[in-house]
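Enquirer: Chains as they are written, first to last, in this note's numbering: chain A, 1 to 343; chain B, 1 to 167.
Keep in mind that a hint or two might mislead.
As the list claims (entries may be wrong) - In silico SDA-like links for lysine to any residue, alpha-carbon gap of 25 Å or less:
id, chain 1, residue 1, chain 2, residue 2
1, A, Lys186, B, Lys129
2, A, Lys186, B, Leu50
3, B, Lys129, B, Ala145
4, B, Lys129, A, Pro95
5, A, Lys186, A, Asp225
6, B, Lys129, A, Thr133
7, B, Lys129, B, Val147
8, B, Lys129, B, Arg158
9, B, Lys129, A, Asn122
10, A, Lys186, A, Ala14
11, B, Lys129, B, Glu87
12, B, Lys129, A, Thr74
13, A, Lys186, A, Gln226
14, B, Lys129, B, Gly68
15, B, Lys129, A, Phe126
16, A, Lys186, A, Asn56
17, A, Lys186, A, Ala165
18, A, Lys186, B, Arg19
19, B, Lys129, B, Val55
20, B, Lys129, A, Arg135
21, B, Lys129, A, Asp150
22, A, Lys186, B, Asn22
Just so you know, the hints here were simulated from the structure itself, not pulled from any lab data.
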Amino acid sequence: MQGPSNPGFGVPNAQGVWGGFNVEICRAIAITIFNDPSKVEFVPVTTQSRFPALTNGEVDVLSNNTTWTLTRDTGVNRFNFPAIVFYDGQAVMVPRRLNVTSARQLNGATVCVQPGTTTELNLADFFRQNNMTFRPVVIEALDELRRAYDQGRCDIFTNDFAALAAQRTLLTNPRDHVILPERISKEPLGPTIRQGDEELTNIVAWTVFALIDAEEFGITQANVDQIAGSATDPRVRRLLGVEPGMARPSARPTTSMPAPSSRPSAITARSSSVISASTRPSASSAARTTSGPRAACSTPRRPADRASHDRRPGARHAPRGSPYRARDLRSPVATRRRPGTVP
Amino acid sequence: MSANMLARGLAFGWDYLARPANFAIGEGLIAFSPTDSYGRAIVVGLLNTLRIAVVGIVLATLLGVVLGVMRLSSNPLLARIVAGYVEVVRNTPLLLQLFLWYAIINALPGPRQALPVGPGMFLSNRGMKMPWVEWSPALWPAIWAFVAGLSRASSWPRPEAPPRGDG
Numbered sequence: 001m002q003g004p005s006n007p008g009f010g011v012p013n014a015q016g017v018w019g020g021f022n023v024e025i026c027r028a029i030a031i032t033i034f035n036d037p038s039k040v041e042f043v044p045v046t047t048q049s050r051f052p053a054l055t056n057g058e059v060d061v062l063s064n065n066t067t068w069t070l071t072r073d074t075g076v077n078r079f080n081f082p083a084i085v086f087y088d089g090q091a092v093m094v095p096r097r098l099n100v101t102s103a104r105q106l107n108g109a110t111v112c113v114q115p116g117t118t119t120e121l122n123l124a125d126f127f128r129q130n131n132m133t134f135r136p137v138v139i140e141a142l143d144e145l146r147r148a149y150d151q152g153r154c155d156i157f158t159n160d161f162a163a164l165a166a167q168r169t170l171l172t173n174p175r176d177h178v179i180l181p182e183r184i185s186k187e188p189l190g191p192t193i194r195q196g197d198e199e200l201t202n203i204v205a206w207t208v209f210a211l212i213d214a215e216e217f218g219i220t221q222a223n224v225d226q227i228a229g230s231a232t233d234p235r236v237r238r239l240l241g242v243e244p245g246m247a248r249p250s251a252r253p254t255t256s257m258p259a260p261s262s263r264p265s266a267i268t269a270r271s272s273s274v275i276s277a278s279t280r281p282s283a284s285s286a287a288r289t290t291s292g293p294r295a296a297c298s299t300p301r302r303p304a305d306r307a308s309h310d311r312r313p314g315a316r317h318a319p320r321g322s323p324y325r326a327r328d329l330r331s332p333v334a335t336r337r338r339p340g341t342v343p
Numbered sequence: 001m002s003a004n005m006l007a008r009g010l011a012f013g014w015d016y017l018a019r020p021a022n023f024a025i026g027e028g029l030i031a032f033s034p035t036d037s038y039g040r041a042i043v044v045g046l047l048n049t050l051r052i053a054v055v056g057i058v059l060a061t062l063l064g065v066v067l068g069v070m071r072l073s074s075n076p077l078l079a080r081i082v083a084g085y086v087e088v089v090r091n092t093p094l095l096l097q098l099f100l101w102y103a104i105i106n107a108l109p110g111p112r113q114a115l116p117v118g119p120g121m122f123l124s125n126r127g128m129k130m131p132w133v134e135w136s137p138a139l140w141p142a143i144w145a146f147v148a149g150l151s152r153a154s155s156w157p158r159p160e161a162p163p164r165g166d167g
């Protein structure tokens, strides 16, 4: 069985440890809430199953290149998009031997596209607007889709530009394929959560903004202590908690994760300090996140904290009676417990 | 219950059927464009299912009859080969067979290097393309003639059965 792989965004390595841009966002959120980047459970989802998984509570945060659209934000299935982490655009990849230089020369093409995505919708819009017709080859699994394109089942392959570039590296002959210059749409990508969870919205938004700020100031895991000791810029001092009011220095995460290569993740040690002071996250906000094109991470909650907030009758005697826990019992994913946590 | 569902962001209702689907469908017996409704998309899917079912039934009947006759033949080699094939394929899960055929189809060459397998028929990893009947209004007189001929033929007097012999 092939596994999910969205190189660069969410892909498990040989030991099964997830890595990638979306994965690191999940870990940053986990650090904000639990001060432990390993308290994340990754759940693979597909493009069709990601929204039902999020709505049903199977996962808490969807971090797999989901586009912020009007219908997703305000439609019948409401979600919140706390922050944009990657602003991409949709592009088209064609084999060089077709001698195509522009996406407007693709009338009658057979297109490989994933179902249930804004990619599919934008493709239809683009072809309609340019009075061209196309024939879709719709395959849900990105690996299978790429293989179908590689073997010639379809003429062109369309996806977000960054994902397309990543998939191009996995083709048998990357140099035989070219990504056309047109950007068919704008795709603001970011973590997605259920609507109604204000706490989690704040947590996710300010985790991301703290990471962005830290990158602007050049703060990384390696030099954060040294900068905290010697910073003169008031913004840096407030960000790192040297000047009180916005942030509080917190202890380093206890578990050590494999050193991430992307810069935003390098600040994870300090992101919790910013958030904990300004938003005071309560452990009752569930924090399971999904990341990668088919990866979802879910963080186990701390039952002890929730029991103290739960004012329903009988809750003190039965900490398992909280509304979140009731939903857990339906989903096999949620009942997975990490070793060492209280069940 | 619907109020609770609405609060969770799950709305039930049939009005989505009239909205434009905004996606295209690869193959269909009737025309479908992204501006057509979800209802029409469901109809296209239904027709596709029926088409596959009819073609499947016809081909399976033909293949079944041929293989059955071969297995009952007096030629021991033929009978045993077919018996072996039947015993292997019988009870193999359909999904497994689908995987096998999907892998075989994926191994076929691309459309520009398609294999010619007959007059006007080409086999590639996008499927088998063959010349087929194209509908046109000029076919209506032919259909009427066929139906008229059938009804006339059914009213021809039958030859009388020979009298039961006593003697």
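Enquirer: Given the hinted pair Lys129 (chain B) and Glu87 (chain B), is their alpha-carbon gap at most 25 Å?
Expert: violated (32 Å)
Enquirer: Does the alpha-carbon distance linking Lys129 (chain B) and Phe126 (chain A) stay inside the 25 Å limit?
Expert: violated (28 Å)
Enquirer: Is it true that the CA of Lys186 (chain A) sits at most 25 Å from the CA of Ala165 (chain A)?
Expert: Answer holds: Lys186 (chain A) to Ala165 (chain A) is near 16 Å, not above 25 Å.
Enquirer: Holds or violated: Lys129 (chain B) and Asp150 (chain A), Cα atoms, limit 25 Å.
Expert: holds (21 Å)
Enquirer: Under the criterion that the straight-line Cα-Cα distance not exceed 25 Å, is the pair Lys129 (chain B), Thr74 (chain A) satisfied?
Expert: violated (45 Å)
Enquirer: Below or equal to 25 Å on CA atoms is what counts here, so check Lys129 (chain B) against Asn122 (chain A).
Expert: The given pair, whose Cα atoms are some 29 Å apart, is violated under the 25 Å limit.
Enquirer: Measure nothing beyond the straight line between the CA atoms of Lys186 (chain A) and Lys129 (chain B); if it is 25 Å or shorter, mark the hint as holding.
Expert: violated (38 Å)
Enquirer: Regarding the pair Lys129 (chain B) and Val147 (chain B), is the alpha-carbon distance no greater than 25 Å?
Expert: violated (30 Å)
Enquirer: Sort out whether Arg19 (chain B) lies within 25 Å of Lys186 (chain A), counting only the CA atoms.
Expert: With a Cα-Cα distance of about 24 Å, the restraint between Lys186 (chain A) and Arg19 (chain B) holds, given a limit of 25 Å.
Enquirer: Checking one constraint from the list: CA of Lys129 (chain B) to CA of Arg158 (chain B), max 25 Å. Satisfied?
Expert: violated (44 Å)
Enquirer: Mind checking the alpha carbons of Lys129 (chain B) and Gly68 (chain B) for me, to see if they're no more than 25 Å apart?
Expert: violated (29 Å)
Enquirer: For the pair supplied as a hint, Lys129 (chain B) and Pro95 (chain A), is the alpha-carbon distance within the 25 Å limit?
Expert: holds (23 Å)
Hints 1, 2, 3, 5, 7, 8, 9, 10, 11, 12, 13, 14, 15, 16, counting from the list given before, are not met by this structure.
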